[in-house]
Amino acid sequence: MGAGGTAGSLPRVTLVLGGARSGKSAHAEGLVEGNGGRPVYLATAAAGDAEMAERIAHHRARRGPRWQTVEEPLELAETLSRVTAPDAAVLVDCLTLWLSNLYGADRGVVDETNRLTHALEQVTGPVVLVSNEVGLGIVPDNALARRFRDDAGRLHQAVAEIADRVVFVAAGLPLTLKSVS
Amino acid sequence: MGAGGTAGSLPRVTLVLGGARSGKSAHAEGLVEGNGGRPVYLATAAAGDAEMAERIAHHRARRGPRWQTVEEPLELAETLSRVTAPDAAVLVDCLTLWLSNLYGADRGVVDETNRLTHALEQVTGPVVLVSNEVGLGIVPDNALARRFRDDAGRLHQAVAEIADRVVFVAAGLPLTLKSVS
Amino acid sequence: MGAGGTAGSLPRVTLVLGGARSGKSAHAEGLVEGNGGRPVYLATAAAGDAEMAERIAHHRARRGPRWQTVEEPLELAETLSRVTAPDAAVLVDCLTLWLSNLYGADRGVVDETNRLTHALEQVTGPVVLVSNEVGLGIVPDNALARRFRDDAGRLHQAVAEIADRVVFVAAGLPLTLKSVS
Numbered sequence: 001m002g003a004g005g006t007a008g009s010l011p012r013v014t015l016v017l018g019g020a021r022s023g024k025s026a027h028a029e030g031l032v033e034g035n036g037g038r039p040v041y042l043a044t045a046a047a048g049d050a051e052m053a054e055r056i057a058h059h060r061a062r063r064g065p066r067w068q069t070v071e072e073p074l075e076l077a078e079t080l081s082r083v084t085a086p087d088a089a090v091l092v093d094c095l096t097l098w099l100s101n102l103y104g105a106d107r108g109v110v111d112e113t114n115r116l117t118h119a120l121e122q123v124t125g126p127v128v129l130v131s132n133e134v135g136l137g138i139v140p141d142n143a144l145a146r147r148f149r150d151d152a153g154r155l156h157q158a159v160a161e162i163a164d165r166v167v168f169v170a171a172g173l174p175l176t177l178k179s180v181s
Numbered sequence: 001m002g003a004g005g006t007a008g009s010l011p012r013v014t015l016v017l018g019g020a021r022s023g024k025s026a027h028a029e030g031l032v033e034g035n036g037g038r039p040v041y042l043a044t045a046a047a048g049d050a051e052m053a054e055r056i057a058h059h060r061a062r063r064g065p066r067w068q069t070v071e072e073p074l075e076l077a078e079t080l081s082r083v084t085a086p087d088a089a090v091l092v093d094c095l096t097l098w099l100s101n102l103y104g105a106d107r108g109v110v111d112e113t114n115r116l117t118h119a120l121e122q123v124t125g126p127v128v129l130v131s132n133e134v135g136l137g138i139v140p141d142n143a144l145a146r147r148f149r150d151d152a153g154r155l156h157q158a159v160a161e162i163a164d165r166v167v168f169v170a171a172g173l174p175l176t177l178k179s180v181s
Numbered sequence: 001m002g003a004g005g006t007a008g009s010l011p012r013v014t015l016v017l018g019g020a021r022s023g024k025s026a027h028a029e030g031l032v033e034g035n036g037g038r039p040v041y042l043a044t045a046a047a048g049d050a051e052m053a054e055r056i057a058h059h060r061a062r063r064g065p066r067w068q069t070v071e072e073p074l075e076l077a078e079t080l081s082r083v084t085a086p087d088a089a090v091l092v093d094c095l096t097l098w099l100s101n102l103y104g105a106d107r108g109v110v111d112e113t114n115r116l117t118h119a120l121e122q123v124t125g126p127v128v129l130v131s132n133e134v135g136l137g138i139v140p141d142n143a144l145a146r147r148f149r150d151d152a153g154r155l156h157q158a159v160a161e162i163a164d165r166v167v168f169v170a171a172g173l174p175l176t177l178k179s180v181s
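Chains D, P and V are the protein sequences, given in the same order.
Just so you know, we're using our numbering here: the first sequence kicks off at 1 and counts up by one.
Just so you know, we're using our numbering here: the second sequence kicks off at 1 and counts up by one.
Just so you know, we're using our numbering here: the third sequence kicks off at 1 and counts up by one.
No lab work stands behind these hints, which were simulated from the structure alone.
Here the structure is a predicted model, which means the values were calculated and not measured.
Heads up, some of the hints might be wrong.
[Stated by the list, open to error] Partial list, computed: chain D residues near chain P (C-beta under 10 Å): (1) ALA20; (2) GLY23; (3) GLU51; (4) ALA53; (5) ALA57; (6) GLY137; (7) ASN142; (8) ALA143; (9) ALA171; (10) LEU175; (11) LYS178.
All C-beta atoms in this analysis are idealised placements derived from N, C-alpha and C, irrespective of residue type, glycine included.
Excised from the complex, chain D in its bound form (with noise of 0.2 Å):
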């Protein structure tokens, strides 16, 4: 039995980190649609230039329509305690949006990945975070994007750290960082 009651296989919290173009959401979809039950879409990023749009219709022709979605930029904690159930698996995609989201919405960080935290230790069914790792290539030019990779690598230290499973995914292919059993 994995977490929450459901029959499925996923524990109830696991990150999926990677590079851009890694397949991370695709592998996070598989360890979604392989749990059974019903997928749940929980999509942070809002189509504000052409560039995302043309992202989030790959994405969701990738998924099919078996998928719910539901679109939430910024209240992740309070979507997730509502959109997690016993019979859902959650793909929640991706954490660097929704702290970019964050940014955007002059929120403060320390105090919104606490609650994001609190949340997941709360979920009655199995979720699945995916989230962009940044912090690996030369110190940026800016402030702030060294601001926003020092506050991402940070929530990606407080999330794999309630996390029963973390999983790195480079060219497709999944790393088994933490696993919990």
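Using the hints provided, position chains P and V relative to the given structure of chain D.
Quick look at chains P and V alone, frame taken from chain D:
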């Protein structure tokens, strides 16, 4: 027996991913030399500027005179079909430079990726492909760089999918991401 | 028995690589504290600007008063020879800052890397070195940044080659790349 009837230890297709100066090329050269048979270096670099010319000379000096060198910045699929052989092992160095050359020649990346993976499925001896992982830093400011890292990510996924072995190299140390025995 | 006659669990040389805010320093501190004996913090940072001063204060607060702190931005080899001891465990934080300081002081990177690895082969107690992986993003626009990530990559390869243990940290989670028992 390895792929293609050689007596070596290499499978048909190996992908070696790594960062800048991660030791990925040296690792790949070791794989090819350890396989026995004729080592063939398929260079995608064109010595267009001083920085690149220096890198090429450095790599060539390390490999030594046993290696046959073939330079081909664009027609990778055709060249692989021609130079692979049961008694040879071919090192392609590297895919990201080839991708960059495709941009310069205004070739369609999706079509060229398909031609490459098709050619890799038909090779008559083992091939080791080296490529730079470029998707783990902060999102680049300019759209071309974003497109490049997206295309590189998709190319890596496509090659990794058909590869028998995928290795990630950091600080000169290999980490196996995939191994089909 | 660990290296250098201590009763601890650390080998002679450990390299901890990771991205920005990956938890690499905290992981390395845990290794040093778990080893027993006197923990020594060898800081290569100079508190030259507000951002760096804040990071140093944050790290110092986390370590607590048991730690001896030695600050040395440049003479890493000599300082290691002086502060390593059978009853101590030394944390060097971090190599990329040291490399940056070498640039500022116009020192030759190849010579200094050789002096460092030579000193590491002579240490009388365990050393844990922390460094930033910076080579996994898009190729930087400016030549200095490209040279820096090349030099950092070569430095990591050189230290990893003589290290007994190399660990990659992502989201606070260690992944062993090398372990000589």
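Now the hints, each set against the structure:
1. ALA20: OK, holds: ALA20/D within 10 Å of chain P, min 4 Å.
2. GLY23: holds, 5 Å
3. GLU51: holds, 8 Å
4. ALA53: Result: violated, 15 Å to nearest chain P Cβ.
5. ALA57: violated, 15 Å
6. GLY137: Since the shortest Cβ distance to chain P is 2 Å, the answer is holds.
7. ASN142: Check passed: Cβ of ASN142/D comes within 9 Å of chain P, closer than 10 Å.
8. ALA143: violated, 12 Å
9. ALA171: holds, 4 Å
10. LEU175: Since the shortest Cβ distance to chain P is 6 Å, the answer is holds.
11. LYS178: Violated, because the Cβ-Cβ distance from LYS178/D to chain P comes to roughly 16 Å (cut-off 10 Å).
Violated hints, in rising order: 4, 5, 8 and 11; the structure is consistent with all others.
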